[in-house]
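*Asks:* Hey, can you work out the whole structure from these sequences and the hints?
Residues per chain, in single letters:
2 protein chains.
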Amino acid sequence: MDKQLLVEEIYRKSSFLCLGLDTDLTKIPKHLLVNPDPVFAFNKLMIDSLCNLVVAVKINTAFYEVNGADGWVSLEKTIEYLNSNYPKIFTIADAKRGDIGNTSDKYAKAFFENLGFDSVTVSPYMGKDSIEPFLNYKEKKTILLALTSNIGSEDFQFLNTNDLKLYEQVIIKSKTWEGFENLMFVVGATKSEYIKSIRELVPKSFLLVPGVGAQGGSISEVFKNAANDHIGILINSSRAILYAGSGKDFLEKSILSAKSYQREMSELINFKI
Amino acid sequence: MDKQLLVEEIYRKSSFLCLGLDTDLTKIPKHLLVNPDPVFAFNKLMIDSLCNLVVAVKINTAFYEVNGADGWVSLEKTIEYLNSNYPKIFTIADAKRGDIGNTSDKYAKAFFENLGFDSVTVSPYMGKDSIEPFLNYKEKKTILLALTSNIGSEDFQFLNTNDLKLYEQVIIKSKTWEGFENLMFVVGATKSEYIKSIRELVPKSFLLVPGVGAQGGSISEVFKNAANDHIGILINSSRAILYAGSGKDFLEKSILSAKSYQREMSELINFKI
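Note that the protein sequences, when read in sequence, are chains A and B. Residue 192 in the numbering used here sits at position 192 of the first sequence, and the numbers go up by one each step. Numbering-wise, the numbering used here comes out as the position in the second sequence, counting from 1, plus 273.
Hints listed in this document are in silico derivations from the structure and should not be mistaken for laboratory results. Some hints could be false.
DSSO-like mimics (lysine-lysine), calculated; alpha carbons at most 27 Å apart, straight line [said to hold, decoys possible]: (1) A/K13 x A/K140; (2) B/K438 x A/K173; (3) A/K88 x A/K272; (4) B/K446 x A/K165; (5) A/K224 x A/K173; (6) A/K109 x B/K350; (7) A/K109 x B/K317; (8) B/K532 x B/K303; (9) A/K77 x B/K350; (10) B/K382 x A/K109; (11) B/K448 x A/K165; (12) B/K446 x A/K173; (13) A/K109 x B/K303; (14) B/K382 x A/K44; (15) A/K175 x B/K438; (16) B/K448 x B/K469; (17) B/K286 x B/K497; (18) A/K30 x B/K382; (19) B/K545 x B/K497; (20) B/K438 x A/K165; (21) A/K109 x B/K300; (22) A/K77 x B/K382; (23) B/K382 x A/K27.
*Replies:* Here it is as structure tokens:
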């Protein structure tokens with residue numbers, strides 16, 4: 001889907017919430033485990049219940065790979081279900097891939113062509129030719145790790161190089177790449193003091209912001225520092241929504257959790273308009 | 274498997290060759306495509322034919338993910354076949370994963386516990402807590418990207434920071450991590466002029482060296498600069514061995530290709546002894 005449609009959906013739903021499907025067999029309600037594919041059953045319920053509150057869905061590949069080939073089937077069924085039933089929801093494969101060109105080609109084909117995701121997250125360490133195969137899909141978005149939400153982001157991303165931090169170098173370098181207009185950037189909500197300067201570097205790009213909820217970041221801080229004239233941010237929440245409840249009423253709890261995010265986002269959007 | 278056994282196998286086989294199973298349905302001999310799982314059929318033939326010439330097998334996950342859930346089944350069958358029949362061959366999941374802690378936990382579980390790989394490649398960009406879940410598996414090896422073989426390695430890995438290149442910072446930082454003794458490092462054969470200084474930074478660690486064959490690196494240059502008193506290097510070749518032939522005699526061609534690598538390695542090892 002194109003950026004214009006995503007922006008329209010953000011305004012229509014008054015939400016820039018991304019639902020992170022970090023679906024974990026050890027955490028979903030026990031009564032779902034009788035289902036032949038409990039992961040897909042859980043995902044389907046979440047998607048159907050939250051479709052009016054979220055504009056994007058992010059599938060974290062680790063949580064599917066840990067279930068082996070069965071997990072890959074759950075992943076395939078989930079993205080197929082999204083594409084068939086909710087084509088206006090922006091889909092993200094949170095895979096953090098990146099390898100030499102002929103290998104990144106295969107990853108890009110796997111996630112964009114075969115699975116039909118709108119976007120995939122990639123790691124910048126191996127440089128331009130590891131990202132190009134993704135950027136070659138002009139109708140897709142490639143989401144580059146810039147400044148991540150975890151403590152370990154301080155190990156290398158903040159290293160100073162020629163008066164710039166590494167994450168700034170990554171962003172600045174990526175602006176020279178063909179297809180830059182199809183890049184989005186991962187910026188952790190726990191790093192809200194740095195988001196403003198990142199927004200100045202890429203005024204028009206969408207930012208994918210993980211790290212609210214379980215990780216402690218603030219939606220209003222992120223919005224204040226990063227919203228642009230088309231909003232331009234997607235804030236992800238995974239665990240805080242998925243596992244808000246664990247009993248028979250788990251869906252109601254998840255809806256309440258997502259609604260509280262969406263309500264805050266709606267107020268921020270309306271205040272800005 | 275432990276490092277001591279790997280070293281013994283290197284001396285026993287006079288080889289530090291790693292076979293890279295970048296198995297590509299569009300490149301394997303056409304007559305294999307009638308098989309219900311041509312990828313596994315091809316891998317099995319390669320493994321059985323080359324088991325005396327190689328000490329390690331590296332499975333590049335991209336080439337399996339591109340075939341979806343079926344690809345994951347081929348991957349599972351391949352690693353299961355290796356573990357059952359060739360327990361002394363060191364196995365590598367070339368996955369280049371790395372994410373926040375709770376996600377890396379799942380990747381580590383997927384590759385180490387469920388699939389039973391001896392090692393997995395990881396990307397350093399997200400820092401210590403993205404690697405720790407792998408290092409927590411004390412009987413496994415974690416292979417950290419340091420200096421990669423591709424052109425894009427120059428984009429960020431060579432950036433100067435506090436008088437060190439980024440890849441040097443990565444290596445030096447990793448020496449402070451608990452479990453460092455279970456780390457190995459990816460260093461591209463195309464960067465042989467830098468390998469000597471990397472070896473000085475990590476005199477005892479194994480280096481996984483891709484980039485000979487299709488990418489143009491030299492085995493003797495790598496050996497001269499990086500071999501230590503237990504050899505300490507694994508040189509990977511994928512395409513140059515797998516696709517040496519494409520007709521009915523493809524296995525003979527692959528054996529010839531692997532033998533020529535192994536012969537060169539044998540001479541280097543014997544000369545050193």
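*Asks:* Next step is simple, just say for each hint if it's right about the structure.
*Replies:* Hints and how they fare:
no.: 1; hint: A/K13 x A/K140; verdict: 22 Å, holds
no.: 2; hint: B/K438 x A/K173; verdict: 17 Å, holds
no.: 3; hint: A/K88 x A/K272; verdict: 24 Å, holds
no.: 4; hint: B/K446 x A/K165; verdict: 17 Å, holds
no.: 5; hint: A/K224 x A/K173; verdict: 26 Å, holds
no.: 6; hint: A/K109 x B/K350; verdict: 23 Å, holds
no.: 7; hint: A/K109 x B/K317; verdict: 25 Å, holds
no.: 8; hint: B/K532 x B/K303; verdict: 24 Å, holds
no.: 9; hint: A/K77 x B/K350; verdict: 22 Å, holds
no.: 10; hint: B/K382 x A/K109; verdict: 26 Å, holds
no.: 11; hint: B/K448 x A/K165; verdict: 22 Å, holds
no.: 12; hint: B/K446 x A/K173; verdict: 24 Å, holds
no.: 13; hint: A/K109 x B/K303; verdict: 22 Å, holds
no.: 14; hint: B/K382 x A/K44; verdict: 25 Å, holds
no.: 15; hint: A/K175 x B/K438; verdict: 22 Å, holds
no.: 16; hint: B/K448 x B/K469; verdict: 17 Å, holds
no.: 17; hint: B/K286 x B/K497; verdict: 19 Å, holds
no.: 18; hint: A/K30 x B/K382; verdict: 22 Å, holds
no.: 19; hint: B/K545 x B/K497; verdict: 10 Å, holds
no.: 20; hint: B/K438 x A/K165; verdict: 13 Å, holds
no.: 21; hint: A/K109 x B/K300; verdict: 16 Å, holds
no.: 22; hint: A/K77 x B/K382; verdict: 23 Å, holds
no.: 23; hint: B/K382 x A/K27; verdict: 16 Å, holds
When each numbered hint is compared with the structure, no violation occurs for any of them.
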